[in-house]
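Protein chains: 2
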Amino acid sequence: MRKVLVAGIGSTPFGRHGDIAIQSLAIRAADAAIREAGIDRREIGALYLGNFVSGPLTGQEVLAGLVADGLGLAQIPCTKVEGACASGGIAFRHAYLAIASGLCDVALAVGVEKMTHADTATTTAALNCAMDNRSDGVSGLTFPGLFGLAWQVHAERYGTRREQVSAVVTKNKANGLLNPLAQMGATLDNDQIVQSALICDPLRLYDCCPTSDGASALLLVAADRRPDLAAMPVEVLAAAQTRGSARIAGHPDLCTFEATVAAAQAAYAQAGITAQDVDVVELHDCFSIAEIIDGEDLGLMPRGHGAAYAAEGRTRVGGDVPINPSGGLLSKGHPVGATGISQIYETVLQLRGQHPNQVRDAAIGLTHNLGGTGVACSVNILKRLDA
Amino acid sequence: MRKVLVAGIGSTPFGRHGDIAIQSLAIRAADAAIREAGIDRREIGALYLGNFVSGPLTGQEVLAGLVADGLGLAQIPCTKVEGACASGGIAFRHAYLAIASGLCDVALAVGVEKMTHADTATTTAALNCAMDNRSDGVSGLTFPGLFGLAWQVHAERYGTRREQVSAVVTKNKANGLLNPLAQMGATLDNDQIVQSALICDPLRLYDCCPTSDGASALLLVAADRRPDLAAMPVEVLAAAQTRGSARIAGHPDLCTFEATVAAAQAAYAQAGITAQDVDVVELHDCFSIAEIIDGEDLGLMPRGHGAAYAAEGRTRVGGDVPINPSGGLLSKGHPVGATGISQIYETVLQLRGQHPNQVRDAAIGLTHNLGGTGVACSVNILKRLDA
Chain G
1 MRKVLVAGIG
11 STPFGRHGDI
21 AIQSLAIRAA
31 DAAIREAGID
41 RREIGALYLG
51 NFVSGPLTGQ
61 EVLAGLVADG
71 LGLAQIPCTK
81 VEGACASGGI
91 AFRHAYLAIA
101 SGLCDVALAV
111 GVEKMTHADT
121 ATTTAALNCA
131 MDNRSDGVSG
141 LTFPGLFGLA
151 WQVHAERYGT
161 RREQVSAVVT
171 KNKANGLLNP
181 LAQMGATLDN
191 DQIVQSALIC
201 DPLRLYDCCP
211 TSDGASALLL
221 VAADRRPDLA
231 AMPVEVLAAA
241 QTRGSARIAG
251 HPDLCTFEAT
261 VAAAQAAYAQ
271 AGITAQDVDV
281 VELHDCFSIA
291 EIIDGEDLGL
301 MPRGHGAAYA
311 AEGRTRVGGD
321 VPINPSGGLL
331 SKGHPVGATG
341 ISQIYETVLQ
351 LRGQHPNQVR
361 DAAIGLTHNL
371 GGTGVACSVN
381 ILKRLDA
Chain A
1 MRKVLVAGIG
11 STPFGRHGDI
21 AIQSLAIRAA
31 DAAIREAGID
41 RREIGALYLG
51 NFVSGPLTGQ
61 EVLAGLVADG
71 LGLAQIPCTK
81 VEGACASGGI
91 AFRHAYLAIA
101 SGLCDVALAV
111 GVEKMTHADT
121 ATTTAALNCA
131 MDNRSDGVSG
141 LTFPGLFGLA
151 WQVHAERYGT
161 RREQVSAVVT
171 KNKANGLLNP
181 LAQMGATLDN
191 DQIVQSALIC
201 DPLRLYDCCP
211 TSDGASALLL
221 VAADRRPDLA
231 AMPVEVLAAA
241 QTRGSARIAG
251 HPDLCTFEAT
261 VAAAQAAYAQ
271 AGITAQDVDV
281 VELHDCFSIA
291 EIIDGEDLGL
301 MPRGHGAAYA
311 AEGRTRVGGD
321 VPINPSGGLL
331 SKGHPVGATG
341 ISQIYETVLQ
351 LRGQHPNQVR
361 DAAIGLTHNL
371 GGTGVACSVN
381 ILKRLDA
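From first to last, the protein sequence lines stand for chains G and A.
Heads up: the first sequence begins at 1 in the UniProt record's numbering, then just goes up one per residue.
Heads up: the second sequence begins at 1 in the UniProt record's numbering, then just goes up one per residue.
If you are wondering where the hints come from, they were derived from the structure by calculation, not from laboratory data.
Treat the numbers as computed from the prediction; the structure is a model and nothing was measured.
Each pair of labels, with its calculated beta carbon distance range:
(1) A197(A) with R226(G): 58 to 66 Å
(2) L198(A) with T122(G): 34 to 42 Å
(3) R162(G) with L103(A): 38 to 46 Å
(4) D253(G) with L103(A): 25 to 33 Å
(5) G272(G) with D253(A): 51 to 59 Å
(6) G140(A) with L205(G): 36 to 44 Å
(7) D201(A) with T122(G): 30 to 38 Å
(8) G18(A) with L103(G): 40 to 48 Å
(9) P180(A) with L103(G): 36 to 44 Å
Positions of the beta carbon are idealized from the N, C-alpha and C atoms, including for glycine.
Could you build the full structure based on these sequences and the hints that come with them?
As structure tokens, then:
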């Protein structure tokens, strides 16, 4: 496999994008990534686009082809990939593989979603497309319900306390204040979090990521292509993708996602590193408790210690395991198909030393993108070129 | 790139599948393909699933993971791909690439759609997700409208006559009578076709493929893996994927799909053959006129001669350019995401010499799968192993 670089990045702000069509958001982000890399767009040999619910929510599919058309690309293979909330990570992996396997020298990975125009019932029904609707869906379960259950099991097994979980929210909302692309940073203490609306016990409003519109994009190139890149490139050390069960009953343990554990193992093996070598992490905090479970699944701390790490400030910028300096999904928002690409966007900025909430001397970054009830997972590892 | 074989095939009948869930259809087809190949399912290293409108029509996404779960596969990468009506062909290409590039030795390609439960307005709205809805969609255009326009241009430019186009319908409906998986074969002459309901001038009801449920699957293996396969394998010579415009105004000519022309050129080059070397073709006859345009785009006959070839019987089994001996989309039906996989299923049977409507001594087969307004195209070439 050939060495692959991220040579250009682009992203819209996440939030409400009113009248802008979904393809226009994606084209805007992709155009920025191409321009930043300083590469002629006719060199692009493949496009992968991550999207989850554009069909139900906007009535627009064939987004990969539409975006390529808008960008003026050649008659290249353009493919939409879907794996619920992991769609963006899956798009990145396929663009990476297109180059690593020698199919082409330049590839574009785009993620996009448009959700804020729909009412809550419509959005909830669309998001529930990520469950097995013959089992979990018909039971009345929603995703806040799933993560509320996971929290209760974590609390009972490990003694995880409300104020420890709140430390995740406080940190990520504060980090979001520093991120110009984030939908909603905030200064929040435990009292304010506990007083926010009850969504699904014990989850409160501030424990949940917002509904968002947005797009992010990455231009990837083969390292052996040529040296004249306009922006500082970052190396892809690993791109792993796994599956788990789409049913709660298919998970032997609600406090772990087997797809994350398997993807992390595969990614560490491909990169030739361990969790201890990672300097900065962007992981899938769709809910506050998810950051704790994901961190444990990724081996960033011992099992059952995720809550304590958050409460002790070890996951802040400046701590020994910085998690979601971007603000994570809780602050950035979660335009589903864009999230996995956005995580890499943020990590590239960290490895270039250009992030507005910079982790000092960050040389190795990890991103983690989880779909549905753990039905799909993407874990990627990136490295500063001079490290 | 490593040599790749189709080692097992499976398909449900196409038609109405009432209460069977969409994932169950896919699991049924995939299970048959795995069993036919006689391969331990734990060897499968990747799954690609082609589907177009399961989100809007069934409220179920994450089909790739759901199907893997139902099949009892390992924690492998499972990816849904979408490119409108070309989704199945795109799934096949990615399963092929996973093996050809050395990522894994065994991969599964599945295509599925469930449509017949929805009313016509809902289905039409879902199918229109394949257009650029800011231009063609809002104009009131539907896919019968697009192909009706293409027919009118073809008639004006080449003198194509109604009874020549009817020859496509008569042939494909007759072929469908021989195919046990087809939704609706029939014995139809020009008078009966002309007397069927007007859909969009000049398209009549029998010029249009029916709405369908169904699934098809292919198990692919690396040729260097091992020789103990239970069924006769067929070699993949080429798998090409291209894009075109998603807008009518983006096509300089309504009588040709540039995505097909580009995919055919790429596939012939990869296979090292020309159109004249192809013994049997399964192409995307979503409408009768499409078979004529597609045949010309694939170089199977000179430009403007597609209608004459049909009328002269040259595209029948026994003719010099046999097209759609399976009955094509017109007879088999068109469960959108399954169609591209089904075309390869039929072609594998031809190259094994096991097809119920066998083309004598068929050694090389071509499949052609076209999405939307030509926004995506997949052309694949397969070869009998001993040829």
